[in-house]
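Visitor: If you're matching them up, the sequences are chains A and B in order. Following the working numbering, the numbering of the first sequence begins with 50 at its first residue and continues without gaps. Following the working numbering, the numbering of the second sequence begins with 50 at its first residue and continues without gaps.
No lab work stands behind these hints: they were computed from the structure. Honestly, I wouldn't trust all of these hints.
In this list, chains with the same sequence are indistinguishable; a pair is considered to hold if it fits within one copy or across any two.
[As the list claims (entries may be wrong)] With a Cα cut of at most 25 Å, we get these calculated DSS-like pairs of lysine-lysine:
#1 K238 with K222
#2 K323 with K198
#3 K406 with K134
#4 K198 with K406
#5 K222 with K309
#6 K323 with K222
All of these numbers come straight from a predicted model, not from anything done at the bench.
Number of protein chains: 2
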Amino acid sequence: MQENTLMTTPTNSLETVTNIALEERTLAINWADGHLSLFHYIWLRDNCPCPECRHPNGQKLLETISIPSDICPSSIQAIEDGQIKIVWADGHVSHFSPRWLRTHCYSASERAKRAKELPSRKLWTAELMATLPEASYSDISTNDSALQKWLTMIRDYGFALLHDVPTTSGTIKQVVELFGYIRETNYGKIFDVKSTANPINVAYTDLAIGPHTDNPYRNPVPTHQLLHCLSSDAAGGDSILVDSFQVAELLRSQEPNQFKHLSTQPVLFHFHDKNIELMADTPIIGLDSRGELAAVRFNNYTIAPLDFEADLIEPFYEAYCTFGRMLNNPDFQVRFKLKPGDLYIVDNERVLHARTKFFSASNRHLQGCYADRDGLYSRLNVLNSSL
Amino acid sequence: MQENTLMTTPTNSLETVTNIALEERTLAINWADGHLSLFHYIWLRDNCPCPECRHPNGQKLLETISIPSDICPSSIQAIEDGQIKIVWADGHVSHFSPRWLRTHCYSASERAKRAKELPSRKLWTAELMATLPEASYSDISTNDSALQKWLTMIRDYGFALLHDVPTTSGTIKQVVELFGYIRETNYGKIFDVKSTANPINVAYTDLAIGPHTDNPYRNPVPTHQLLHCLSSDAAGGDSILVDSFQVAELLRSQEPNQFKHLSTQPVLFHFHDKNIELMADTPIIGLDSRGELAAVRFNNYTIAPLDFEADLIEPFYEAYCTFGRMLNNPDFQVRFKLKPGDLYIVDNERVLHARTKFFSASNRHLQGCYADRDGLYSRLNVLNSSL
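Excised from the complex, chain A in its bound form:
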């Protein structure tokens, strides 16, 4: 074990190194605040920031597979500008700033600290009716700070309303352009939601539609949907939203076996028309590899006949109906009526939307489109960095 005592440019105790030691597989750094970081040599070599290993645009050029698994430094030292210099056995030299190392320390305590700083979802119920997340189009289209707040609401609540959107057909496109890109589908770049003859989709009727994910039969599912009211009168057609993640977490705690059926058993969603045949199979409740909620697909209109092991049919129906009844429970729902110039956006993998029956003669006309979270979150990240 080789030891070095190192004085770095003192900025604060979180970035001030008090000791460095070369352990067998790791570089051990003691910090002025008492924290100890251990960095594996292979990790350090892989993250060498020199221009040979990393392009000026930040992309890694070093081929990670070329690093010997037993790589070790031959020496380590402080240099004048406060950086830590590592000379590797093959002569390659890496310089790391103490700040960068501390920021990327993967000790349990530092990871826990960073996790706390991450934005967290705000799960909600009908109580959110009192403070619906909303903004004005004239604000968010002219003021970056207002846009930042609106996008933050969408991220945290999985939906937000927007008022005072001009009722000119196609304006929804300008709303999307504030943060991202329209996802074009067989329904077009923009689609008109109104009661029509011979509708290919129940959306284009005057029927009530229960809480659902849009396009669960599509892979990839559009992550966001916007609906913009161009005209409407008072006769029905209220909008209802429900946070399926809130409901799914309750189901997980109250009925873990039912949750398991919905989160492991794939079902098929199916949509067909003369020129379209879309199919996707997926569990109703999608989990990521950590077991956390990733995406809910619930759509009783387009779910295909269940087609799996006979012994699972009745338990699955029990779970499906429990979840469905919870999603239909007004205690979990917010409900409002879009007026001309109103728009809402939902995270289509989390917040289900529904509408009450309306009357064909009522001139209800919405325009809708799909967009994805890549652009939305990128725009928000950039606003968060710059404001």
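Given chain A's structure and the hints, the job is docking chain B onto it.
Guide: Just chain B now, kept in the frame of chain A:
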């Protein structure tokens, strides 16, 4: 137990009912070929095809949550046109055709039979060089059968080449319009891949680029990518493709522990530019809820510094490097040089692409774009039904 003997319109033994019995929870149907089907009552009620329960467009109107879990028929009988009529306890009447029931029988043997008929992926290695999946643009743009074959290749092999594509800028858009829609991103609807000054992405340099997924930092990842060669000379820039699913299945069988690290531990992919900040965390090898391969994300250029439990860092590097070395092994790769007018499309969640170094002076100019599998598979399904 109530029994009925039923004569249906005989078509063939697979659709001819010889006996029907009302069991406690299921309808039991004996078929002329000896098969026995059991349909749960709740499943039958849920799939009632009457116009009240199902819209003429095929979408289900019946609210599944309204079906009592102990629902039972009050009577069952054959009717003249060969359909099976079920009268439910509440008086609702359902008619099922024997053919529909047999097609949807979820017994183990019938499900196994249907599974065999599904198209299966053709995993490949360098041996595929002898018979690269390819077609001519003039054929697929004028002949539905040729288009069907080309789309089938893309589905089965995860990629295909296309020749004789006009070298007019923007023609790639017309190729996508044969089957789907462009996914617009911050790179534009179409992007130019050539060596530029101050590139925001290593794609826009003359550097060699190893096998990678495009845009793993985007959620959702574009499922397909097209690259169209407008101009090129002989100096480098060969294209290399590798079937990551083939390699991942080998890894699973040879190094199950390494496979487990790559398929369970999420890693972060990150891309940033002045106006863009995209991030997505996901395991390198994505599995569906059945444990089958769903999507591989491998991109050594944009993977962020590993940030998880210290004890997992070295085992993860071992797995990552094993997988990376296999992906870089020419035994698994096909290699070709795009000539002006050539194009390839890859399933970006399965087939990784790479290129060899080229020389900036060589006038290599590709145009690229992204598209998704929803449109592609829908077009193929419709062609398969109609041709």
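Visitor: All hints, please: hold or fail.
Guide: Quick rundown of the hints versus the structure:
1. K238 with K222: both (9 Å within a copy, 15 Å between copies)
2. K323 with K198: Answer is between: at 21 Å across copies they meet the 25 Å cutoff, but 43 Å inside does not.
3. K406 with K134: The answer is neither: 69 Å in one copy and 31 Å across copies each exceed 25 Å.
4. K198 with K406: neither (33 Å within a copy, 45 Å between copies)
5. K222 with K309: neither (39 Å within a copy, 43 Å between copies)
6. K323 with K222: Answer is between: at 24 Å across copies they meet the 25 Å cutoff, but 28 Å inside does not.
Comparing the model with each earlier hint shows violations of hints 3, 4, 5; every other hint is respected.
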